[in-house]
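*Asks:* Put together the whole structure using the sequences plus the hints.
Chain residues, written in single-letter form:
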Amino acid sequence: MFARHLAFAAFLPLALATPAPAEPVSHHVLDNGMEVVIIEDRRAPVVVNMVWYRAGAADEPPGQSGIAHFLEHLMFKGTETMAPGELSAVVEANGGRDNAFVSWDYTGFFQRVAADRLELMIEMEADRMVNLSFTEAEWLPERDVILEERGQVLESRVGAQFNEAMLAALYKEHPYGVPILGWRHDMEQLTGEMAMEFYRAHYGPNNAIAVIAGDVDTDEALALAEAHYGPLPPNPHIVQVPRPSEPPHLAARRLVFEDARVGTPYVSRMYLAPVRQSGDQSEAAALQMLAALLGGSSTTSVLERRLNFEEGIALSAWAGYNGLARDYGVFNIGMAPVDGVSLEEGEAALDRVIAAFLEEGVDRAQFERVRRQLRASEIYALDDTQRRARQFGIALSVGLKIDDVTGWIDALEAVTPEDVIAAGQMLLDKRASVTGFLTTPETEQAAELSQ
Amino acid sequence: MKRLVALFLLFAFPLRAEVDITPVTAPSGLEAWLVEENSIPFISLELIFAGGANIEPDEQAGAVSLMTSLLSEGAGDMDAQTFAARTEELAARLSFDSGRDTVSVSARFLTEDAEAVIDHLRLALTEPRFDEDAIARVRNQKLASLRRDALNPNMIASRAFARTAFEGHPYARESDGTLETVAALDRDALLAAHQGSIARDRVFIGAAGDVDAETLGALIDRLFEGIPETGAPLPDPVEFEASAGFEVVPFDGPQSVVAFGHSGISRDDPDFLAAFVLNEAFGGGRFGTRLMQNLRVERGLTYGIGTFLSAGLLGNSFQGRVSTDNQNVENVIELLREEWAQMSDEGITEAERERIVTYLTGAYPLRFDGNSSIASIMASMQYQEFGIDYVNHRNDMIRALTLDELNAVAERLFDPEGLVFVVVGQPVGLN
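Line order of the protein sequences matches chains L and C. When you line the first sequence up against my numbering, it's residues 1 to 451, in that order. When you line the second sequence up against my numbering, it's residues 1 to 431, in that order.
Hints are not guaranteed to be accurate.
What the hints assert, rightly or not - Some chain C residues well away from chain L (every beta-carbon gap over 12 Å; in silico):
id : residue
1  : S28
2  : G29
3  : L30
4  : F42
5  : S72
6  : T111
7  : S158
8  : R222
9  : G245
10 : P254
11 : G312
12 : S344
13 : T349
14 : T358
15 : E411
Claimed, not checked - To be clear about the criterion: a stretch of chain C counts as covered by chain L if any three or more of its residues have a C-beta under 8 Å from a C-beta of chain L, and this derived list gives those stretches:
id : segment
16 : 88–97
17 : 264–272
To be verified - No farther apart than 20 Å at their CA atoms in a straight line, the calculated lysine to any residue pairs in the SDA-like style are these:
id : chain 1 : residue 1 : chain 2 : residue 2
18 : C       : K142      : L       : V262
19 : C       : K142      : L       : V341
20 : C       : K142      : L       : A355
21 : C       : K142      : L       : G263
22 : C       : K142      : L       : W318
23 : C       : K142      : L       : S316
Bear in mind the hints are in silico, worked out from the structure with no lab data behind them. In this text, a Cβ means the ideal position worked out from N, Cα and C, and glycines have one as well.
*Replies:* Written out as structure tokens, the structure is:
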């Protein structure tokens, strides 16, 4: 995801934990189709107000990559009755903070304010849901801002560029292979009119989810949502256009990304994986447990223990799974070798350790520790209401239901060691994967040394 | 024409932070601040040990950092694997961190396991093993991280700025050390760093969650059993000494990172609060600051620009960072000089004062929104020498600052002639 500004950019990885239903969570649908999720947490006089749209970078027209993100920035440029920047200024004048973020499947906006300012926030979100308005004097410099953003958070970070190249190689046809920020050459051609077209095609109450979390009474918060979002007419242009799907993957892909700015070379592999399915999350849950066992701890997980602690050939090793997406998930593994061990050797070691794990089965003691932490994570998760709100927002945006979110820990607890090993077989089939080496250009380095 | 910011003053209600802090004195005399909150059955505990990398000799730079990373890599009769497995069995979340001025420990654990977790954590603090294989492994990770930092323009800029600002003082060093010093660190250096850092005379303790004062006092004494009274002496304070001008560090990339600034203001200076308010209005890292408006929103020159008051244990500076395309650097530096001069000459306007005061006083209570954040604030308030009633007076003090007072401090704080710029990149037109 990319945030409108950097302070809140650290949203990325969703850990194993997902919130539990211990605090009241309710879900409502307004007459115009807008969904409203309310989470009560009365400990502090704070509320988080969010609006999520089921539209993101994967919905962009060809050649307009980055338009969803550009629009997200332009959503702060005013409406027919609010001046550019006024929304943020009002939030700030009320002691609050606001930001926005965009991913392939969704675009979200939020404010965090004192609970008694909730209505004002809802009023402003309702306004920009249907009344967005800006001029060229506003969008033109903002296009420079998003280009600077790409320069700062992507092109100046070689690991991010590598990741971009990996995803572009993983997807043959589905738009998850196109970067959220957009390709630079597309971004340079974006216009305010293109953003407005995207807005007209995707924004409206019938494609939106409100999440209100914090020191609120559910009935009162719902009444506010009904009062301000309720009267908005549904947007007739909104249709779920099916996205292209992946053809069969018949050939494993490999890439080498060389850059002089690489400080620690590493090998990374991404596999196309299933997503969490509403009503049946068992397959995704098994993959999540597999990721926890292989890479969930920097000391005791299988890859770290074997490659770093026992064999001493890795600086670190990791595994992860993201099943929170509408169409495809990703399972990834990787390792950074110590000096003197090549990336080829590192890759072979990864494959060897995974094959041995699938052959030998799950260590019961480790499995129990992971389960014990799962249960505790339900309790710890209650401490961070904003994070819970975000998780409900993401889940509903990608097609899951409230029950899928509240039932996620149960789904994880239902996974058996045998399920993990069965799910892990996908790691042996590399046809739906891409393996990448991030490394320094050898020839250049050699040339420098000889000078 | 659209109307602008008519809503501002309507919502400027005073808000109070609803935080009830209990001062706790453990039987041994150690003190802590507690915010008790029983609705979720877990406890957050935060320890800050003052000192940090400042206590290590030049030739052992990075010792405190490596030592801190090794606290969770084996203790008592447990090696690293056993220690981590035990932490997982207890479902505790322990983290150990260090910096220029501090070593800090954050712990989150279920109420039902409190004593077992405290015993476990005590082992890490009092009997870390520093096994040779663990030292070698973690040292390799640190060296890899230093090699990455050496290729990261933000890190290069920050280090170059610190070097020029505090030459000859520990503040000029990198807390993680250098490739040479870290490679040379041995077990004795780590033991010395441990002995010098983890002591009762320099700890500040915050707690929040499902625990009462008496229980907390007992837990603290249980945790500190065996921790020595005194640690290593701290070096003398240092003045900001860089001379104005700019330095270019060539770095190949699409953008330049610019670190800029000059001397700052001490946290115990009577003008500190005013300086804090001024910085928040000028460049404090939010969207609505002057710098963000003038450089990003109006001109599209950057994705982000921010300034900060770095008020350290031993020295102060007032700094900022910006990333921009190489061809914009000259322009950005020129604009920064103008912004600085304007703050020095004219300060902020009454409208800006009202806006920032409303924002700061409204935002303050929102910080206290969970056990983990509250425990951390409790420890850091003590470390920063705030009184226990500060929470309840802080907003009044901010509201009491007049425009004249603020702008007198602006004239003192902003020194356009003293600005130091460190540019990391391939800036066009600067050489």
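*Asks:* What hint numbers does the structure not satisfy?
*Replies:* 4, 5, 6, 10, 14, 17 and 20
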